[in-house]
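Chemist: Going line by line, the protein sequences match chains E and U.
Those letters in the first sequence? Residues 1 to 553, per the numbering used here, in order.
Those letters in the second sequence? Residues 1001 to 1098, per the numbering used here, in order.
Worth flagging that the hints you see were computed from the coordinates, not collected in a lab.
Since the model is a prediction, treat every value here as computed from it, not as a measurement.
Cβ atoms here follow ideal geometry from the backbone N, Cα and C, with glycine treated the same way.
Each statement offered as a hint is correct.
Derived, one-sided and incomplete: chain U residues facing chain E with beta-carbon distance under 10 Å: (1) C1032; (2) S1048; (3) G1056; (4) V1072.
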Amino acid sequence: MMPMEFTAPTLDYLLLLPFLIVLGAACLGILLEAFLPRRVRFVAQAGLSILGLLAGLVALIWRWGSAGRGGADPTAGSASGAVSGDAYWSAQDGASATLMIDGPVQVLWAILFGCALIAVVFYAERHSHGGATAFTPMAAAIPGSNREAQAAQAGLIHSEVFPLTLFSLSGMALLVAANDLLVMFVAVEILSLPLYVMSGLARHRRLASQEAALKYFLLGAAASAILLFGVALLFGYAGGFGYEKLAFALSFRTGGESLLLAGMGLVAVGLLFKIGAVPFQSWVPDVYQGAPTPVTAFMSVCTKVAAVGALLRLFYVGLGGLRWTWQPILAGIAILTIVVGAIVAINQSDVKRVLAYSSIAHAGFVLVPLVGALTIQSGLPAGQIGSVVAVEFYLVAYGLATIGCFTIISLVRAQGREVTKLSAWAGLGRRNPVIGVTMVIFLLSLAGIPLTAGFIGKFLAFAAAWRGGYQWLALVAILGSVIAVYIYVRVIQVMFFQTPADDEDRAEVVQPGMPALIVLALCLIGTLGLFFVPGPLLDVFQAAGSFLIPSGS
Amino acid sequence: MTELYAVLAVILFTIGLVGFLVRRNALVIFMCVELMLNAANLLFVAFSDHYGILDGQMAAFFVMVVAAAEVVIGLSIIVMIFRSRRSTSVDNETVLKG
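Build out the structure end to end from the sequences listed, making use of the hints.
Modeler: Right, here's the structure in full:
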């Protein structure tokens, strides 16, 4: 047997820097947890996470500015939107790249880090919870036991949630950059494992929270096993893990279609599970309801951004040659997701569940431009907004409004606990006009009503599908968004036009602390600002270009 | 030869999937998931042999590490549930519904 030769991979560490900073901050967080005294731990952890994310963003912007310099930089060609095959291959030293940091990845990283930063600030909110965080003081104690009561009395605070979030976030960053099926699988796992734990950390209603963790874990583990089997089948088809290998095999291999189709289907199932598309949505309402509200805010936004990014790259780069096969299937899933999400939400009596179903509906909406597949490869004229930019903008609008909504949910309390029963929210908006109107703006943004970012997001998304040749899908999606408006109008109607049935059932808005105020302000400015001046952000996304695809495949 | 291994892997995967869907004990469900992961491992190694490359065998190691990490998380969640409810049956998990 021939001795195997090991060639060290060439990594552009400067391009990877944002990812490495976040991962490093997570590792440092573990050390802080072990060595710092309990008193200062929470502040130190929150500060470290926020600083780490800020540093990540700064590194990202720094590399952004200098992208396009030198041939060894894979983003060099993406600024102009076109990449020659030669430049691409030489940039990768002839080997296929397992990680690809091109324009869309940098944009998705910016969205991920930004949303995670807002979510982490939300984690630090203590004032409105009477000095306690939203997380259980001692996760190992049995709910309702003496130890739990003692821990709560001693004022113990869980701060492991910060490094866990950063680990999960680094998995997400890896996932959107994965240009290789195996890396994608590992990234999905890095993303998910901390989330399983984090959903079980709620301070109140701990049994529900533990149940959410178990459900999420079992279904998530099965979904990743299905994804892995799909990866194995695609490996068998292509003879390698890289997306280039896959695209190459698609063009040149004859036979083995069953491997290809089964593999594609199973991998898609795994990723669609992560974004919560129907029929893989059953975990979403339970987990969103049971998890601590800040964690729900983090995972409802960032997981979706990451998984949608992975779907984009897999289907556009790896399986781009198979577009005529996957477009109709994904179109069907998109419609099913929108309709099921919108209709089931109407029937819910819990605000968190309403938002969970709304997030399912949004998973459908974000698939609409993805199906349109309007990219440079499919004939998008230069300078126009295609599917990738539409998806990115949609995710930003969705993320800001969703985090805002969950922040307000965490402020609506009775006897020191969150009240998420919709009936208890009656008249809330009239008693607290400021919070009420803020919530209305977030809800209208989710509904896609003008004067909010959600409208621009939906407009771009449907336009991309329309021009990509999926006019019928765009029309159905518009109808679906009309149905979905009803979800949000119902919450607004309860908040402003209903009087509470009895006084015991009434929830009140507590005075938010500084972190919650910052989160609300950022989300509000973003949601309104992106309607009135979407141009600069769209220009940035547009200039970042589209996915690098080697010519010749 | 590769076909036989592939068929075996598909059979193992199906057993795991069916077990995941019909069993009610969280631990057994979890074992079924592990079976699915191992079916994928078998497929990796078989295809790796078929193409004469080592990528698939390397993948099997990745999967083992990931599976080990998953066991750590999974067992701790299941133990936590068992301690608070004295049962690991997924039919008893009914706080959350709507």
